[in-house]
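Participant: Following the hints, complete the assembly by docking chains B and C onto the known chain A.
The lines below spell out each chain.
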Amino acid sequence: MSDEMDMEEGGTVKKFMFVNRKAPYGTIYALESLEVVLISAAFEQDVSLAFLDDGVYQLMKNINTEGIEMKSFSKTYRALEGYDIEKLYVERESMEMRGITEDDLVVDVQVVSAAEMADLMNQQDVVLSF
Amino acid sequence: MKFGILVNEGPYQHQASDSAYLFAKAAIAKGHEVFRVFFYHDGVNNASRLTVPPADDRHIVNRWSALAQEHNIDMVVCIAAAQRRGMMDDNEAKRQGKDASNIAPAFRISGLGQLVEAGIQCDRLVTFGD
Amino acid sequence: MLHIVNKSPTERNSLDSCLAHAKKGSKVLLIEDAVYAATKGGAAEAKVKSAMADVTIYALQPDLAARGMADRVIEGVNLVDYGGFVDLVAEQANCQSWL
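Chains as they are written, first to last, in the numbering used here: chain A, 1 to 130; chain B, 1 to 130; chain C, 1 to 99.
Same shape as in the complex, but just chain A (with noise of 0.2 Å):
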């Protein structure tokens, strides 16, 4: 427990992106990486989640998990708000390519371009892959 309280860490602030590029629910993936994101809010770094290929589909609405018997975790993804993470990119050729728009995702996001997406993944500390 001790080692979670234990944040001094020098004031170091580390830009950390999280790159999500697997659907939810076929694979634990895209929760199991959302647990490490809230983790990381207590850390006070500089955290952006990347959300491309078939990532952005962990951000649909209606996501309704009763027929296949698992917890939906989509409210955790509005939640992360309050936890000050903010930096939500989704890249909009992965949304064209699979036919999905801003109107369908159930959070506010920066939809961004590929290149704009390299742009941001080359200027991380660490980048997380899941």
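Be aware that a few hints might be false.
Claimed, not checked - 30 Å max Cα-Cα, derived DSS-like pairs, lysine-lysine:
#, chain 1, residue 1, chain 2, residue 2
1, C, 23, C, 49
2, B, 98, A, 14
3, C, 23, A, 14
4, C, 27, A, 15
5, C, 23, A, 87
6, B, 30, C, 27
7, A, 14, A, 87
8, B, 2, A, 15
9, C, 40, A, 14
10, A, 87, C, 24
11, B, 98, A, 15
12, A, 15, C, 23
13, C, 49, C, 24
14, B, 2, A, 14
15, B, 30, C, 24
16, B, 2, C, 27
17, C, 27, C, 47
18, C, 40, B, 2
19, A, 15, A, 61
20, C, 47, C, 24
21, C, 27, A, 87
22, C, 23, C, 40
23, B, 2, B, 25
24, A, 61, A, 87
25, A, 71, B, 2
26, C, 23, B, 30
27, B, 94, A, 15
28, A, 14, B, 30
29, A, 71, A, 87
30, B, 2, C, 24
31, C, 27, A, 14
32, A, 61, A, 71
33, A, 71, B, 98
34, C, 27, B, 25
35, C, 40, C, 24
36, B, 2, A, 87
37, A, 75, A, 15
38, A, 75, A, 14
39, C, 24, A, 15
40, C, 47, C, 23
Quick caveat, the hints were computed from the structure, so don't treat them as lab data.
Facilitator: The following block gives chains B and C in isolation, referenced to the frame of chain A:
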């Protein structure tokens, strides 16, 4: 340089754990420090004390243990991922009312904060997964 | 940035996605099943050759050898061992794994 390593997959099923191990070994051979190896998702299964792989093939759990013990590497298994997958140390087993524990001694169970902390404290964090 | 790709280009879109995001001057390292992308006659040959104009491509030699593909590497792909892999990570300011 101080390296952190994230292992997202279990032993044998994917090459991730092998690649991570050989990377860690090479980093040490080059004079770098491997600060922490963090096991997440099915990666927690790399900590099982109970594996009995064929004798003529590599013993993934044992070689991670040996490397960690020889070079003082912190091998952390994520508690949330471990609970889902039934990986327990003695404390956890007692807490959860389970009749057995199965973590190999070179590994310790801790929170996701240890992954974030590795990102902050290490110069480089490399992800091995599927 | 060092981009690390580990899945075969004919199994997953990770290599495509990586190349669509690897900025000019960055480095791409193929490991595990992604080394098939570094082979002559492979499905990704043209794509990889064309990417070489902008990024430097590396392949992990032990993974090529393990797959019986060490004798047909595309010219211009740089082979490294695990030590070379470590060097690439150390010398680039950051790294990203395309899983």
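Participant: Decide, hint by hint, whether the structure agrees.
Facilitator: Checked hints:
The hinted pair formed by residue 23 of chain C and residue 49 of chain C meets the criterion: a straight-line CA distance of about 16 Å does not exceed 30 Å. Of the pairs offered as hints, the one joining residue 98 of chain B and residue 14 of chain A is violated, with about 39 Å between alpha carbons and a cut-off of 30 Å exceeded. Straight-line distance between C-alpha atoms of residue 23 of chain C and residue 14 of chain A comes to about 21 Å, which keeps the hinted pair within the 30 Å bound. Distance hint between residue 27 of chain C and residue 15 of chain A is fulfilled; the C-alpha atoms sit about 20 Å from each other, no more than 30 Å.
A distance of roughly 21 Å separates the Cα atoms of residue 23 of chain C and residue 87 of chain A; the hinted pair therefore holds under the 30 Å criterion. A C-alpha spacing of about 21 Å is found between residue 30 of chain B and residue 27 of chain C, which places the hinted pair at or below 30 Å, so the restraint holds. A distance of roughly 14 Å separates the Cα atoms of residue 14 of chain A and residue 87 of chain A; the hinted pair therefore holds under the 30 Å criterion. For the hint pairing residue 2 of chain B with residue 15 of chain A, the CA-to-CA distance comes to about 18 Å; that is within 30 Å, so the pair holds.
Between residue 40 of chain C and residue 14 of chain A, the direct Cα distance comes to roughly 40 Å. Violation of the 30 Å bound is thereby established for this hinted pair. For the suggested pair residue 87 of chain A and residue 24 of chain C, the alpha carbons sit about 25 Å apart, so the restraint of at most 30 Å is met. Using a Cα cut-off of 30 Å, the hinted pair residue 98 of chain B and residue 15 of chain A is violated, with the two alpha carbons roughly 40 Å apart. This hinted pair checks out: residue 15 of chain A and residue 23 of chain C have alpha carbons roughly 18 Å apart, not beyond 30 Å.
Straight-line distance between C-alpha atoms of residue 49 of chain C and residue 24 of chain C comes to about 14 Å, which keeps the hinted pair within the 30 Å bound. Of the supplied pair hints, the one linking residue 2 of chain B and residue 14 of chain A holds, its CA atoms being roughly 15 Å apart against a limit of 30 Å. Using a Cα cut-off of 30 Å, the hinted pair residue 30 of chain B and residue 24 of chain C holds, with the two alpha carbons roughly 29 Å apart. Straight-line distance between C-alpha atoms of residue 2 of chain B and residue 27 of chain C comes to about 21 Å, which keeps the hinted pair within the 30 Å bound.
Pair hint residue 27 of chain C plus residue 47 of chain C holds up; C-alpha atoms about 15 Å apart against a cutoff of 30 Å. For the suggested pair residue 40 of chain C and residue 2 of chain B, the alpha carbons sit about 37 Å apart, so the restraint of at most 30 Å is broken. Taking the CA atoms of residue 15 of chain A and residue 61 of chain A, the gap is about 28 Å. The hint holds against a cut of 30 Å. Annotation: proposed proximity of residue 47 of chain C to residue 24 of chain C holds, straight-line Cα distance about 15 Å (limit 30 Å).
Note on residue 27 of chain C and residue 87 of chain A: the hinted pairing holds, with a Cα-Cα distance of about 26 Å set against a maximum of 30 Å. Proposed proximity of residue 23 of chain C and residue 40 of chain C is supported: the alpha carbons are some 24 Å apart, at most 30 Å. In summary, the hint linking residue 2 of chain B to residue 25 of chain B is supported, as the alpha carbons are separated by about 13 Å, within the 30 Å threshold. Note on residue 61 of chain A and residue 87 of chain A: the hinted pairing holds, with a Cα-Cα distance of about 19 Å set against a maximum of 30 Å.
With a C-alpha separation of about 38 Å, the suggested pairing of residue 71 of chain A with residue 2 of chain B is violated against the 30 Å cut-off. Restraint check for residue 23 of chain C and residue 30 of chain B: satisfied, since their Cα atoms lie roughly 28 Å apart, inside the 30 Å limit. For the proposed pair residue 94 of chain B and residue 15 of chain A, the alpha carbon gap of about 38 Å is over 30 Å, so the pair is violated. Of the pairs offered as hints, the one joining residue 14 of chain A and residue 30 of chain B holds, with about 26 Å between alpha carbons and a cut-off of 30 Å not exceeded.
Among the hinted pairs, residue 71 of chain A with residue 87 of chain A is consistent with the structure: their alpha-carbon atoms are about 25 Å apart, no more than 30 Å. Using a Cα cut-off of 30 Å, the hinted pair residue 2 of chain B and residue 24 of chain C holds, with the two alpha carbons roughly 27 Å apart. Of the pairs offered as hints, the one joining residue 27 of chain C and residue 14 of chain A holds, with about 22 Å between alpha carbons and a cut-off of 30 Å not exceeded. For the given pair, residue 61 of chain A sits about 15 Å from residue 71 of chain A by alpha-carbon distance, which is consistent with the 30 Å threshold.
About 24 Å separates the Cα atoms of residue 71 of chain A and residue 98 of chain B, which keeps this hinted pair within 30 Å; it holds. Taking the CA atoms of residue 27 of chain C and residue 25 of chain B, the gap is near 22 Å; set against the 30 Å cutoff, the hint holds. Note on residue 40 of chain C and residue 24 of chain C: the hinted pairing holds, with a Cα-Cα distance of about 23 Å set against a maximum of 30 Å. With a C-alpha separation of about 28 Å, the suggested pairing of residue 2 of chain B with residue 87 of chain A holds against the 30 Å cut-off.
Only pairs whose Cα atoms come within 30 Å are accepted, and residue 75 of chain A paired with residue 15 of chain A is accepted, the gap being roughly 25 Å. Only pairs whose Cα atoms come within 30 Å are accepted, and residue 75 of chain A paired with residue 14 of chain A is accepted, the gap being roughly 27 Å. Taking the CA atoms of residue 24 of chain C and residue 15 of chain A, the gap is about 21 Å. The hint holds against a cut of 30 Å. Note on residue 47 of chain C and residue 23 of chain C: the hinted pairing holds, with a Cα-Cα distance of about 15 Å set against a maximum of 30 Å.
Taken one by one, the earlier hints fail for this structure at numbers 2, 9, 11, 18, 25 and 27, listed in ascending order.
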